[in-house]
Amino acid sequence: MSRSAVQLDLPFDPPARPRPCLPRPATAAAPRPAARRRLWLAVYVADLPLAALPAAPGPQAVTEGEGQAARLAAVDETARRHGVREGMGLTAALLRCPALRHRPRSPEAEAALLARLADRAYRFSDTVALAERGVVLEIGGSLRLFGGRTALLRRWTAALAALGLDGRWAAAPTRPAAWWLARWRPGLWLEALEGLRAALRDLPIEALEPAPRERLRLRAAGLRRLGELWRLPPDALARRYGRALLERLDAALYDAPAPPLYRPPAVFRERCAFEPEVNRWTQIAPALDALAGRLAAFLEQRVLAVEALAWRLETDRGRREGLLHFARPCREARRIARRLRDALQAAGAHGAVRAVELETTSCRPATAVAASLFEGAATAGESWAALCERLRDRFGPQALVTARLRADWRPERALQPSTVGAAALPALPPRPLWLLDPPRPAREPAQWRLEEEVERIEQGWWDGRPVRRDYRWARTPDGRRLWVFRDRRDGRWWVQGVDG
Amino acid sequence: MKNNSLEDLLKATSHVSKGPAAAFGRVHSSGVPAWDARLPGGGWPAGLLWVYRPVAGLGEMRLFLPLCAQRSAAGRHVVLLDPPWTPYPPAWAAAGVRLERLHWLQPPDEAGVRWALDALVRCPACGVLGCWPRRGPPPAALLQRLQQAGAAQGAVVLWFTDRKRPPPGFKPSLHLALWRDAAGRLWLAGRSRRGTVLPACPWPEAEAGP
Chain A
1 MSRSAVQLDL PFDPPARPRP CLPRPATAAA PRPAARRRLW LAVYVADLPL
51 AALPAAPGPQ AVTEGEGQAA RLAAVDETAR RHGVREGMGL TAALLRCPAL
101 RHRPRSPEAE AALLARLADR AYRFSDTVAL AERGVVLEIG GSLRLFGGRT
151 ALLRRWTAAL AALGLDGRWA AAPTRPAAWW LARWRPGLWL EALEGLRAAL
201 RDLPIEALEP APRERLRLRA AGLRRLGELW RLPPDALARR YGRALLERLD
251 AALYDAPAPP LYRPPAVFRE RCAFEPEVNR WTQIAPALDA LAGRLAAFLE
301 QRVLAVEALA WRLETDRGRR EGLLHFARPC REARRIARRL RDALQAAGAH
351 GAVRAVELET TSCRPATAVA ASLFEGAATA GESWAALCER LRDRFGPQAL
401 VTARLRADWR PERALQPSTV GAAALPALPP RPLWLLDPPR PAREPAQWRL
451 EEEVERIEQG WWDGRPVRRD YRWARTPDGR RLWVFRDRRD GRWWVQGVDG
Chain B
1001 MKNNSLEDLL KATSHVSKGP AAAFGRVHSS GVPAWDARLP GGGWPAGLLW
1051 VYRPVAGLGE MRLFLPLCAQ RSAAGRHVVL LDPPWTPYPP AWAAAGVRLE
1101 RLHWLQPPDE AGVRWALDAL VRCPACGVLG CWPRRGPPPA ALLQRLQQAG
1151 AAQGAVVLWF TDRKRPPPGF KPSLHLALWR DAAGRLWLAG RSRRGTVLPA
1201 CPWPEAEAGP
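Protein chains in written order, with our numbering: chain A, 1 to 500; chain B, 1001 to 1210.
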């Protein structure tokens, strides 16, 4: 608090470890360990309100406010050539450019676009703060990872361009400073705290986002630049214009209180609608590939692998939905796309498809080792497990049966799947390769040539399904070898197996 | 056949020998020395085997059980696609087939069968694929795909059918016909893709039979 006016008036930069001009809460006052230098990259997208709306021809603008108070929030290049500027009243703008097409701002569309922007930014840093028309991300930690400033900026510009946006950027050691610079002095890359005050000195006081009344009072007092505010004694400034203003001014130089950070959604949910509806599978497949690609990007970004994926298919005949289970958690676009294709095809995407929707229902962290294993499996060809998955997707979970043994003398019981695994194989007399389940009554037992050997099976009296049978092998006139039995309770012949 | 280069001519004709590698894929031992001695190539070839029998259940599967046992022991899977009856595991296990690698699948419709055929034959883990086509003559293109993919993966595709001949334009790795005479003896005749003929003869099945 006790800071001399002399020091405040110094026209040069603050010392390397500056003291705050306001007393701070005890927690914040402790000097931050200088282990990692923080660097914030701010991206300001001036025409975000315009970009969030569907594209339209002609000079256009986005308005905020109603009726007489309507002002332009964003203006496109054509309108700018007509002399229309941001912040202008709508009436004045229409006088300059009568053909101006103006639409109200859409907060939902802007929030969605901003979320997509933040999502891209999240690939560069896990500390991403949302601002009104842009994002600020901490890149001090990831600068080296991305190969330095030039490489990072090139990637970032490409990411912006992929969203169809054109942003202005600046980097500074504190978050508000980065944001202000991106907005008022774009292109500045400032890593050291020392040059910060000099860089910010000429910014307009609007950077502090004062309330309109406050702004007028500041202007009336002849204060237009941040540098002019710094020349004033801080307590006088706080008394006259409010402590909040001074705190915001301070935050830019030292460090901002932790901003609300962007947290990426933990669930991937996306809908792909076809307008007009499509009939041909060849038209749906590319959309599915793209959808799977976005899901893979989502997983990669969060270092996740999907275990279960729910899908919904809307056709002109109604809705179908299902769940894909991945035996091996998966993050490859190709594998996801293929399984999705199989599942949707099996679900009967015969009619006209209106929309496909995906939602991850279960994900697990992917490890680097697992990732390399997946790639290996993908190049070496499809492994058996992956094939089983595809077959089950297409035909249902019970379709593919794997042989199991069950120790039971009644032949039909030895067939049932057992949960205890393969039982020890008892030494059985010869058995047929194929079983008729249930046994069929014999049509012409008189024509059989029966073999001599008889095997008597009398079992099952303990669980209420007793059998009393005499089994024999029989050859039919057309050459088949059948496994037949005579029920000893009623003397009828049954066919239970075929050997061939 | 005008203006054809030699290469085109060779491509178009399948009865010209293109060397052992092209004509014969891998050949797997049938598992019974007496059989290997008679079979063209010395065993069951990879690719598609057209197995004609007048009725199902003459003992045709028994011919391939030692092969299944051997392939499943080598880590390959044996898949039975749409078999006419349910496989009975004790008998397969007694023949030496590893049960954990014996699977069967019953697709609900013909389109499903074809889809599964394509998917299965392309999987390098699939060693023996048994098929029991139900309806209509199979398209030659599908058979050709199975033949090529099977030969490439070293898999044996068993095509059990009651049609005597494959559709025109398609040559299986081995075209087999089997039947039983009045005495109940099994007879076998065949012709390999390369044209080697297995003359009709009573087949020694005692070793494999129960």
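If you are wondering where the hints come from, they were derived from the structure by calculation, not from laboratory data. Glycine included, each C-beta is placed from N, C-alpha and C at the ideal position. Treat the hints loosely; a few may be bogus.
Label pairs and their computed distance ranges (CB to CB) [said to hold, decoys possible]: (1) G164(A) to A1073(B): 56 to 62 Å; (2) V454(A) to P1202(B): 36 to 42 Å; (3) G164(A) to A1074(B): 32 to 38 Å; (4) P1167(B) to P276(A): 37 to 43 Å; (5) A1140(B) to D487(A): 44 to 50 Å; (6) P1084(B) to H325(A): 44 to 50 Å; (7) P1084(B) to E108(A): 56 to 62 Å.
Selected chain B positions facing chain A (in silico; Cβ < 8 Å) [unchecked claim]: (8) L1058; (9) D1109; (10) E1110.
Covered stretches of chain B (chain A as the covering partner; in silico rule of three or more C-beta atoms under 8 Å from a C-beta of chain A) [said to hold, decoys possible]: (11) 1118-1126; (12) 1142-1150.
>> Let me make sure I understand: some of the numbered hints might not hold for this structure. Which ones are they, in numerical order?
In response: 2, 3, 6, 9, 10 and 12
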